[in-house]
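Heads up: the protein sequence lines correspond to chains A and B, in order.
Going by this note's numbering, the residue at position 254 of the first sequence is 265; the numbering climbs one at a time, nothing skipped.
Going by this note's numbering, the residue at position 198 of the second sequence is 209; the numbering climbs one at a time, nothing skipped.
Keep in mind the hints are simulated off the structure, nothing from the lab.
None of these values were measured; they are calculated from a predicted model.
Certain hints may be false.
Copies of the same chain are indistinguishable here, so a pair counts whether it falls within one copy or spans any two.
In silico DMTMM-like pairs for lysine to aspartate or glutamate, Cα to Cα no more than 25 angstroms straight-line [what the hints assert, rightly or not]: (1) K295 - E348; (2) K295 - E19; (3) K190 - E257; (4) K295 - D76; (5) K295 - D335; (6) K258 - D76; (7) K190 - D200; (8) K190 - E240; (9) K133 - D328; (10) K258 - D56; (11) K295 - E330.
2 protein chains.
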Amino acid sequence: MRRGGFLESPVIAYETWGTLVGEGENAIILFTGLSPSAHAASSPDNNAPGWWESMIGPRLPLDTDQFFIICINSLGSCFGSTGPASINPRTGDLYRVSFPVLTLEDVAQGGFEVVKALGLTKVHTTIGCSMGGMTALSFCAMHPDLGGQLLSISSATSAIPFSIAVRSLQREMIVSDPKWEGGNYDLEDPPIVGQRLARKLGMMTYRSPEEWEQRFGRASISTDVMSDEQFFGDFSIESYLVNHAEKFTGQFDANCYLYLSRASDLFDFSEHGGSLVSAFGKLKLERAMVVGVETDVLFPLRQQQDLARGLAAVIDDTELVRLDCIKGHDSFLVDTENFAPVITRFIQS
Amino acid sequence: MRRGGFLESPVIAYETWGTLVGEGENAIILFTGLSPSAHAASSPDNNAPGWWESMIGPRLPLDTDQFFIICINSLGSCFGSTGPASINPRTGDLYRVSFPVLTLEDVAQGGFEVVKALGLTKVHTTIGCSMGGMTALSFCAMHPDLGGQLLSISSATSAIPFSIAVRSLQREMIVSDPKWEGGNYDLEDPPIVGQRLARKLGMMTYRSPEEWEQRFGRASISTDVMSDEQFFGDFSIESYLVNHAEKFTGQFDANCYLYLSRASDLFDFSEHGGSLVSAFGKLKLERAMVVGVETDVLFPLRQQQDLARGLAAVIDDTELVRLDCIKGHDSFLVDTENFAPVITRFIQS
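Start from the sequences and build out the full structure, keeping to the hints where you can.
Okay, structure coming up:
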């Protein structure tokens with residue numbers, strides 16, 4: 012592991028769609044945000060909709076008739092890859108907080124192990140969304156000979172202090188839940204209260220105030236009908252957050268969340284060589300596209316501009332696309348209308 | 012109380028500076044944000060600096076040589092006015108969560124009781140900052156015959172869903188702390204963990220991402236020096252939030268916070284007559300100024316524009332001032348350079 016420690020026989024979970032051509036001429040590697048699994052789209056083996064269902068499939072932007080798409084479950088996650096919720100083969104117990112410090116370079120290396128195992132020597136495109144964009148950057152810097160193109164979506168070379176503050180507070184919410192118990196929580200009774208708070212704060216930064224204003228306004232407030240609970244539930248926005256938080260908190264392991272959240276904060280692309288200039292200098296890419304969203308508060312547009320400028324210094328064919336989406340950081344997950352044409356144009360041209 | 016229930020012999024704490032002329036010709040009423048006390052500035056009786064120290068005093072924007080300034084501690088607060096942390100004279104016990112539902116109209120009425128007690132029949136200017144701007148609006152609509160002018164700073168006719176979400180989550184952090192105990196916490200051992208989380212979330216919305224980027228960048232992170240704590244403390248922004256949260260959480264009663272926070276969410280100026288048009292129609296003001304800040308996410312500039320438009324429909328002499336401050340919602344507390352000239356011009360012309 013990059014910051015010390017090691018893992019014995021780690022596993023990296025991944026899913027693929029389409030058929031590999033040659034040694035990777037048509038391979039697309041997809042690195043995810045903090046929370047998704049490798050199940051980016053449904054398939055004959057698993058017909059549950061994936062997290063990028065509208066983007067992956069026949070005649071979709073990531074066209075499975077043309078491309079071989081590989082989605083990587085991050086090292087440190089809890090959806091098949093080795094992480095804090097996995098058993099340490101040396102002790103027979105769960106790693107929990109004895110898991111070594113996780114960095115996104117370790118996550119990128121996990122992706123590279125998949126690439127090797129599949130026998131690829133080149134890549135058509137590396138894609139990363141949000142945290143996955145940071146992982147993709149380090150993947151390309153660590154393995155420049157794979158070549159190909161880079162598509163970075165709503166990501167950055169490092170987190171701004173505001174985003175670090177958000178994630179630090181989310182972690183504090185979880186470890187402040189007495190049920191966290193220093194990471195040794197009962198798996199049947201995890202720190203769900205802290206996780207729910209953290210998820211709600213997440214939702215508040217993944218979307219945008221403008222979207223909520225259009226969507227909710229002051230809906231459901233009435234002078235006559237007050238909520239049963241004394242301090243909650245007068246407004247639609249509150250039940251919206253409750254519903255979203257419940258969906259998530261049952262699924263994600265609290266310790267895995269802590270590790271991946273901190274890895275996002277620790278990432279600094281300039282560590283690849285000591286400066287951003289030298290980090291960008293390591294890339295050997297044919298083409299790059301940076302996509303950002305006007306209403307993103309977590310990875311704001313100014314970071315997309317900085318990233319595109321850095322890439323353009325070493326890759327002639329670099330393009331920055333600013334999307335005027337209202338749904339904030341999460342737009343790439345939900346605003347297919349704006350994202351699909353841009354991704355199609357980059358991948359299929 | 013506006014939504015039912017009543018208080019026996021409530022107390023409203025206030026402070027004054029300067030000398031009253033006539034029946035209120037030079038009186039300035041100041042309504043505060045959610046957390047401040049009535050101690051807006053130092054005085055011979057209390058030389059501790061107040062929360063608006065740079066604005067109130069001889070030859071300052073609120074010039075105590077010319078004006079008689081009255082700052083009101085909100086009903087429901089814990090700095091002298093009756094609130095959930097006060098003793099209910101009927102039972103001899105603290106009100107705690109048996110305190111009736113609080114609205115900003117109740118807070119405004121508390122201010123009016125002070126005006127009456129001081130024998131005022133008119134007012135030179137009513138000022139409200141943040142939540143206090145909402146209180147000031149309802150004060151002016153409920154007591155139009157006091158006349159005078161209105162200065163609204165970083166406020167609105169109602170909260171946007173994002174701000175409701177922030178405050179709802181802050182309340183949830185407090186009631187999720189096991190030490191809250193349904194509001195019956197030990198006063199020597201209050202739900203400080205939840206209060207600290209709530210305050211940190213507050214700080215994240217009171218300031219602006221842009222300010223933090225200028226101020227902190229990635230300061231204090233080093234690949235070699237890791238924090239003692241496993242998931243925290245690698246970044247300056249984290250210790251900044253810790254320090255600010257500690258300063259606040261020791262002072263403010265948790266139940267009072269819950270009541271005032273919810274009152275901010277419940278406020279809807281259109282309830283004064285059934286629509287915003289009729290609410291604005293109740294005002295009998297000579298002049299109004301609305302001041303907003305570009306980087307305010309809690310009471311964004313579009314709300315300042317809406318408020319100014321509503322006021323302009325009934326008050327010919329209405330002005331909107333957009334300040335390009337970087338310090339977000341809290342700019343009025345910390346950015347004297349930008350605010351002092353604007354307030355001086357409005358008050359002293």
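Taking the hints in turn, this is what the structure says about them:
no., hint, result
1, K295 - E348, "neither (31 angstroms within a copy, 49 angstroms between copies)"
2, K295 - E19, "neither (32 angstroms within a copy, 76 angstroms between copies)"
3, K190 - E257, "both (17 angstroms within a copy, 23 angstroms between copies)"
4, K295 - D76, "neither (27 angstroms within a copy, 70 angstroms between copies)"
5, K295 - D335, "neither (30 angstroms within a copy, 42 angstroms between copies)"
6, K258 - D76, "neither (33 angstroms within a copy, 60 angstroms between copies)"
7, K190 - D200, "both (7 angstroms within a copy, 19 angstroms between copies)"
8, K190 - E240, "both (24 angstroms within a copy, 18 angstroms between copies)"
9, K133 - D328, "within (19 angstroms within a copy, 69 angstroms between copies)"
10, K258 - D56, "within (24 angstroms within a copy, 55 angstroms between copies)"
11, K295 - E330, "within (16 angstroms within a copy, 56 angstroms between copies)"
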